[in-house]
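K.L.:
Okay, here's what each chain looks like letter by letter:
Number of protein chains: 2
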Amino acid sequence: MVFRVTVNSAWRATRTLWLLVLVSLSVCICVCRASSTQEDSAMENIVTEKKAEESHRQDSADLLIFIMLLTLTILTIWLFKHRRFRFLHETGLAMIYGVLVGVVLRYGIHVPRDISNATLSCPVNASPATLLINVSGKFYEYTLKGEINANEVDDVQDNEMLRKVTFDPEVFFNILLPPIIFHAGYSLKRRHFFRNMGSILAYAFLGTVISCFVIGLLMYGCVMLMKQVGQLDGDFFFTDCLFFGAIVSATDPVTVLAIFNELQVDVDLYALLFGESVLNDAVAVVLSSSIVAYQPQGDNSHTFEVMAMLKSFGMFLGVFSGSFALGVATGVFTFTKLRDFPLLETALFFLMSWSTFLLAEACGFTGVVAVLFCGITQAHYTFNNLSPDSQDRTKQLFELLNFLAENFIFSYMGLTLFTFQNHVFNPMFIVGAFVAVFLGRAANIYPLSFLLNLGRRNKIRSNFQHMMMFAGLRGAMTFALSIRDTATYARQMMFSTTLLVVFFTVWICGGGTTQMLSCQRIRVGVDSDQDNSRRSTKHESAWLFRIWYNFDHNYLKPILTHSGPPLTATLPPCCGPLARILTSPQAYENECQLKDDDSDLILTDGDINLTYGDITVSTDASGAHTSSGPAFAGGATSDDLDRELTYGDHELVMRGTRLVLPMDDSEPPFTDPHHRLHLP
Amino acid sequence: MVFRVTVNSAWRATRTLWLLVLVSLSVCICVCRASSTQEDSAMENIVTEKKAEESHRQDSADLLIFIMLLTLTILTIWLFKHRRFRFLHETGLAMIYGVLVGVVLRYGIHVPRDISNATLSCPVNASPATLLINVSGKFYEYTLKGEINANEVDDVQDNEMLRKVTFDPEVFFNILLPPIIFHAGYSLKRRHFFRNMGSILAYAFLGTVISCFVIGLLMYGCVMLMKQVGQLDGDFFFTDCLFFGAIVSATDPVTVLAIFNELQVDVDLYALLFGESVLNDAVAVVLSSSIVAYQPQGDNSHTFEVMAMLKSFGMFLGVFSGSFALGVATGVFTFTKLRDFPLLETALFFLMSWSTFLLAEACGFTGVVAVLFCGITQAHYTFNNLSPDSQDRTKQLFELLNFLAENFIFSYMGLTLFTFQNHVFNPMFIVGAFVAVFLGRAANIYPLSFLLNLGRRNKIRSNFQHMMMFAGLRGAMTFALSIRDTATYARQMMFSTTLLVVFFTVWICGGGTTQMLSCQRIRVGVDSDQDNSRRSTKHESAWLFRIWYNFDHNYLKPILTHSGPPLTATLPPCCGPLARILTSPQAYENECQLKDDDSDLILTDGDINLTYGDITVSTDASGAHTSSGPAFAGGATSDDLDRELTYGDHELVMRGTRLVLPMDDSEPPFTDPHHRLHLP
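Same order as they appear, the protein sequences are chains A and B.
So the first sequence is numbered by our numbering: it starts at 1 and just counts up by one.
So the second sequence is numbered by our numbering: it starts at 1001 and just counts up by one.
Chain A on its own, in the form it takes in the complex (with noise of 0.2 Å):
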């Protein structure tokens, strides 16, 4: 029977591929016939109404492309997942079509050239954001789109049709790459990541700057090197290669993590994993910009300064911690009680994330880091708050608004290796930049491994140093990064470069990511909940990290959220009104209600009603809030911490059986006395 279900299904598949084959052949033709009406339109009459419906018809066909690439990506990787081929994702796939199509509009489609097209020479000044020109008596507004190079002029006016296809680079940024970074905040698995914060935050910022200053360091030398051979056809400064550190530091290792998941690695190598790739983006985008904006004053703009390089510094910081200040500062204001209307939830929670983004953008902060802190805080916090439904609903549009942006930035890669129309493909340099880019990982990885090692109780082990090194791909982030920019013939060749390393990447390092696994020995397979039974030490977790969680857990989670212990339990008692204040109703309601039914769904909840258990034990023994007080203000023990990371991340597996009868079968959890009370 399972045989012939994937027989049919198969079958299926291939002839509704083959529908969607014909589909896009039937584009393709639409796409060939609308340009050619649009020629014969131009000719006829110019009458701007008729063009610009001509063109709108124009932009329809060319998003058409990219969707039914889209469409195409999505039933392959169909088709792939099932058979369980895993050396080729569904990115590097999209990526593949994305070539393909290119090659087609490159090589397969002739556009004649347009001649609509004009170049004004009359005197002006400057150059506005708007300009209206005067035709005999009418006027036309005109929008600022760019500068443009003096020697590409006359490309302009030629590849219309290759040009049609080019999207603002800004797109990339303003809103394609929001929600991939806010999807990946909000689905970092907490557990993991917080337990190896200290060793996460070591990769992600002085990895990053590390790896950014030894690229740019030898590309440096690389750049100089070719001027002496004469391989260079325009200005390269150390900024420009630094900045080329900065973009290519930003590891994206989407498909490593799709396998990972799939093959159950060892959660601890994926939290580090997981937790570089999405902290180091967003130091990569400040870095970038911080060094864009390093400019010494005087006459020669391109020597070191001090005064330049610190306030490109005080940048970096400022616009880091103002970004992850505003991101948190919304996370947390995004407290909803809208639980009976699931719609209006999702929406504002949506809406929420979104002014996230623009407010800092606004502000002149980094939009993409906002959204990256706000979807990390939105999971600690506002999640708990939010009603099943929309616990869901949030989920499942982010994980889809994730998936379809990516794929498109994937596919556009792919098709821009071809349509692009300013590639400068130097051999020497991206010889270069490939051994740069090794180097800067390993010197990312191997030094900081050894540091963290000295202190961390749970060595990062060489296998996985090595696995680390291998999966530093390159991908979305870095490639919408150097998009944004092709201005100048450093930026042209820089942007080539950082394709090619992207293909390699994610096609080399990504598909022969189970063959690493398994050369590097590294275990599969691994149940999560048995493989963290069997580390729960003690003295893990940082010192430092323990303070923090503490003033979360007792303070800050039942500020914001309902689902903590009532303040008035641990404040202490002279802060007894200020407490009652400040406590959700609901938080004394939970008092009556120990198993209320959907505080059995929030996220942490495991050891929120244990820690609670406590409490109110510990309440009724004593007759005062005092006597449980200072052990939770004091600090909770590791006990409590470790078990609180440990339920946090499969509340849905152990949903409802969790209170009664915990199911780590290793150690029974309820060593504490107070607890032995709630068994029966």
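To be clear, the hints were calculated from the coordinates, so they are not data collected in a lab.
The reader is advised that the hints may include incorrect statements.
[What the hints assert, rightly or not] Cut-off 35 Å, straight-line C-alpha distance, at most; resulting in silico cross-link-like pairs (DSBU-like, lysine-lysine): (1) K1395/B / K81/A; (2) K1311/B / K1395/B; (3) K1395/B / K1081/B; (4) K311/A / K227/A; (5) K395/A / K81/A; (6) K1395/B / K395/A; (7) K395/A / K459/A; (8) K395/A / K1459/B; (9) K1459/B / K1395/B.
For clarity, every value in this text was computed on a predicted model and none was experimentally measured.
Please build the complex by placing chain B on the supplied structure of chain A, with the hints as guidance.
P.N.:
Same frame as chain A, but now just chain B:
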């Protein structure tokens, strides 16, 4: 306890509202600051890059205003829903907030004159789509935005701020309208829709055309009068009047329907209103574009000409049927078998719906119409093939998109009352328009209802007619059509008047719905099931529809979904091999497992399983397919038809219990002797 919860949530909501107000205030400050910094930087150094950055920042701030507006709307809606205020719907509220923000933007914020605009007066003999400007050796690219009236050239430079918050009108048509229309099609209540299909089609097609011509003629009279009195400052042709008639004929009773849904008003009335409003949007779009296309040849371009009219009429038919065919075709195409991967499935569904729109636009048809029929087709066929998870996901996704787009359009409508630059409010025209809209609606509803009642068993009573007359609200479609082109004097006057019509109908008619219901003594709180069984008379459905239904049920559904009876059972035996090729193998599997889990979730399964029961039984009895074949090919009995339509809608209510014991409480639906075999 209930009271406590309410107070608590109200308090929390108030707090959230205040926070939101604070946030929006700070946003306003940011906007002011951003615009002032823009000024400064523009003065000191005109660098293209910096200007682009500033403009991006400004755009973010502008968009943020809208997001904040939506957020505020959502929070207030929630308060209203919580307190069961019914006289103001979310769309009406969104408009009020829009008006308020529009007033603030217009009169509250003073932005100094932007000096960076410039008018070129050099001799250009065309208005190309792309313009290259040579500013002292550097080339800047400009794109055409549109033509501007000569007398507004000064305005353009003045009100930079107001123009910044003005969206490209095409945004409404290409981004915001499609999800709304698709959602309408996807959520069409099928049972009552099909039962009243004849009447709905009559109201939507005939009625809209009648309304369009009545309004057009009345307005032409009004315009003639205005010309006599000397109140007309520009050209206003008969085609303009007809165009106005077409755009205000699209009804959008979203407010009324929301109340109907909440109060459980008579389902037939609901179906008539909803079906009419969904379809007349499509008719109005195509009608208006046909009227625009009416261009008599020769010198005097505004006389009547038979050929041009026939051409327009042909265009109407062509575009409408083309869009219809395309929508249905893609709806049928989206025919997935990715049930194991809901994310892929949802993504594919979304992409296919979108590509319908784009394909139609690229082919020169009307995307919105194609999307509507695509939605209806997908609800009918594709929905049955989706996994239960994807069924939820797609519903929720389009529900969210619809909600956001709708509220955005309505709040923009409010905003544009003050921020639109070229309002022409002419009292005489406005009064004339209100009278014409009223009479046009009356000329649609009353005569058609009279004619329809001649053929209907279940008459449309006069109170229903009054209610339909009253519920002729104008909304998103009317607005999107009227803002699309505001270049001429006539169009500007139409736009301003349309805005007032929308405001009046949404606020006054929408707000008075409950009063109107009680005034017309229309029953509320009707249980849809009871109501239904009461009326299940045999010959209610039209014969035309019954023929189509049989064809659909016996041939289309088995080919296109997994849920029909196998084709081998419905086709004559001579077509056996063909039938076996076309039938989904899953349909055979259903043969073995009648109580299959997921077939139980399929929309129309109630009847399918019943009908299916027929086949198996008769096949068993006679040993061949032929015995039951004719019964199906010839025509399912009206009872069958009625039963399918009955069970189609409340699949969730009866899930699981239906097959064993149907919940129809008035008469046992299993009067067929075959069915008795299934009962214990």
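K.L.:
Against each hint, give a clear statement of whether it holds in the structure.
P.N.:
Checked hints:
1. Proposed proximity of K1395/B and K81/A is supported: the alpha carbons are some 25 Å apart, at most 35 Å.
2. For the hint pairing K1311/B with K1395/B, the CA-to-CA distance comes to about 40 Å; that exceeds 35 Å, so the pair is violated.
3. Distance restraint check for K1395/B and K1081/B: the Cα-Cα separation of roughly 22 Å lies within the 35 Å cut-off, and the hinted pair is therefore satisfied.
4. Distance hint between K311/A and K227/A is fulfilled; the C-alpha atoms sit about 30 Å from each other, no more than 35 Å.
5. Simply put, K395/A and K81/A have alpha-carbon atoms about 22 Å apart, close enough for the 35 Å limit, and the pair holds.
6. Note on K1395/B and K395/A: the hinted pairing holds, with a Cα-Cα distance of about 15 Å set against a maximum of 35 Å.
7. A hinted pair counts as satisfied when its Cα atoms are at most 35 Å apart, and K395/A with K459/A qualifies at roughly 33 Å.
8. Simply put, K395/A and K1459/B have alpha-carbon atoms about 47 Å apart, too far for the 35 Å limit, and the pair is violated.
9. A C-alpha spacing of about 33 Å is found between K1459/B and K1395/B, which places the hinted pair at or below 35 Å, so the restraint holds.
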